[in-house]
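Chains A and B, in that order, are what the protein sequence lines are. Counted the way our numbering counts, the first sequence spans residues 1 to 253. Counted the way our numbering counts, the second sequence spans residues 1001 to 1253.
Rather than coming from a laboratory, the hints here were simulated on the basis of the structure. Glycine is no exception: its CB is placed at the ideal position from the N, C-alpha and C atoms. Mixed in with the good hints there might be a few duds.
Claimed, not checked - Below, simulated DSS-like cross-link-like pairs (lysine-lysine); rule was C-alpha separation at most 30 angstroms, straight line: (1) B/Lys1237 <-> B/Lys1214; (2) A/Lys37 <-> B/Lys1037; (3) A/Lys214 <-> A/Lys237; (4) A/Lys123 <-> B/Lys1123; (5) B/Lys1037 <-> A/Lys214.
Claimed, not checked - Reference listing, derived: stretches of chain A covered by chain B, where coverage requires no fewer than 3 residues with Cβ under 8 angstroms from a Cβ of chain B: (6) 3-16; (7) 209-220.
The lines below spell out each chain.
Protein chains: 2
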Amino acid sequence: MPPPLTTVADPRRPSAAEEARTIAASTNVGTLASLTKSGDPWASFVTYGLLDGAPVLCVSYLAEHGRNLAADPRASLAVVAPGAEADPLASPRITLAGIVEHPVGAELDAARAAHVEAVPAAKYYIDYSDFAVWVLRVQRVRWVGGYGRMDSATAADYAAATADPLSAIAAGAVEHLNDDHAGALAEMARALGGFPDAESATCTGVDRYGMELKVSTPRGAAYTRVGFGGAVGSAEKLRAATVRLVRQARESG
Amino acid sequence: MPPPLTTVADPRRPSAAEEARTIAASTNVGTLASLTKSGDPWASFVTYGLLDGAPVLCVSYLAEHGRNLAADPRASLAVVAPGAEADPLASPRITLAGIVEHPVGAELDAARAAHVEAVPAAKYYIDYSDFAVWVLRVQRVRWVGGYGRMDSATAADYAAATADPLSAIAAGAVEHLNDDHAGALAEMARALGGFPDAESATCTGVDRYGMELKVSTPRGAAYTRVGFGGAVGSAEKLRAATVRLVRQARESG
């Protein structure tokens, strides 16, 4: 793949902790690994909500995983970001590992609310006597972004990070940029993305820090990034940031 | 829910082992639970193929789960049937638990072929020196069909069972039956499904042994089944079986 010919102005990407928080917030289902009474690993489908990034489970003691957690609090939760990647191993995914605890007092109220907000059907069974709410205290975080993109995050970084504020609108923004602003994307790739020989560019992703671009050059196709110069928190600010980038590209181009 | 008023002619449903084989064959992705070196449960996303119902994994020793399996062969695999249930806990799912082994000789060839058939991208990395093929020797099977439908299956029953031969065409058959044969479904519900007071019926599922029906009666909505009188193995035989059922319903009605 051809390398950039000039400096990429702002290559900042979300951190592993930020990527993990974004994936955790992208769905309400995952697979729990717990331990059977003989210490064997038991994988089972679960629903969850999030309380400051910590998965909140609501499981029955009649279910095998409910009995497992009650006997040994060690657990991990694997979550795959929804979206139909043709190649499944290209799917962004995380493992959050730690121990489960029953929250009490105000935290129990908040945990219940977080679970029901994420899993509305839980309101029908969360008060059944065989169900219990557990919070997974995350001690280890492993993020895999797809082929060759992976990292671990500390529990502290994961707790401090936030989910991407643009994730709900990113797909629409990508479509709009490619449909209506293909020329501007090529200008940005040439002036800010390190590929002055870009003939065209398509946007393949948007996150709080910038846009992922696939560029066509006489040297072949390449991937680069055009950053917003900081975190962008809303659709409105995303529009302003892209307008600013186009102006910047034209001024420097 | 109103009970049937007459005998349901053929209520046979797939066994838990058959349901599990069908779910296992419905996708190529699942979540593996393995053990870390401190014996903690580790959940991670994996792809798999099937060799006589046994999951075949191809994982890198550079991945945490690859190192885990090499150190302790105990593992389980959770698989959720694809399909967008509005309520995630209504999703059919299984856990297959046992120990992993490296297949050898002819079984290794068959296992490699099974994995690559299910996961075509694996052909690019299956021969890398850090990747290994594992077969999960299934010792325990847990099936959850949705709310209130669940059972365990023995390893022997799971090994002997087959995936539903109609699963690839079931959704299309359900649509066709409801669009073009609503009257016949009501006749079947009245004569064979135990609801002589059915005003109408819609098909909600088709499997090798029969059709699931939702019936409307003056007593309220109910669910029942109309069976084919044995296993049906192809689209052609499904058509013949439904024609036979309509005739049977009219003769007895």
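Verification of the hints:
1. B/Lys1237 <-> B/Lys1214: holds (23 angstroms)
2. A/Lys37 <-> B/Lys1037: holds (18 angstroms)
3. A/Lys214 <-> A/Lys237: Holds - the C-alpha atoms of A/Lys237 and A/Lys214 are around 23 angstroms apart, at most 30 angstroms.
4. A/Lys123 <-> B/Lys1123: The given pair, whose Cα atoms are some 46 angstroms apart, is violated under the 30 angstroms limit.
5. B/Lys1037 <-> A/Lys214: violated (41 angstroms)
6. 3-16: n = 0 at 8 angstroms, threshold three: violated.
7. 209-220: violated (count 0)
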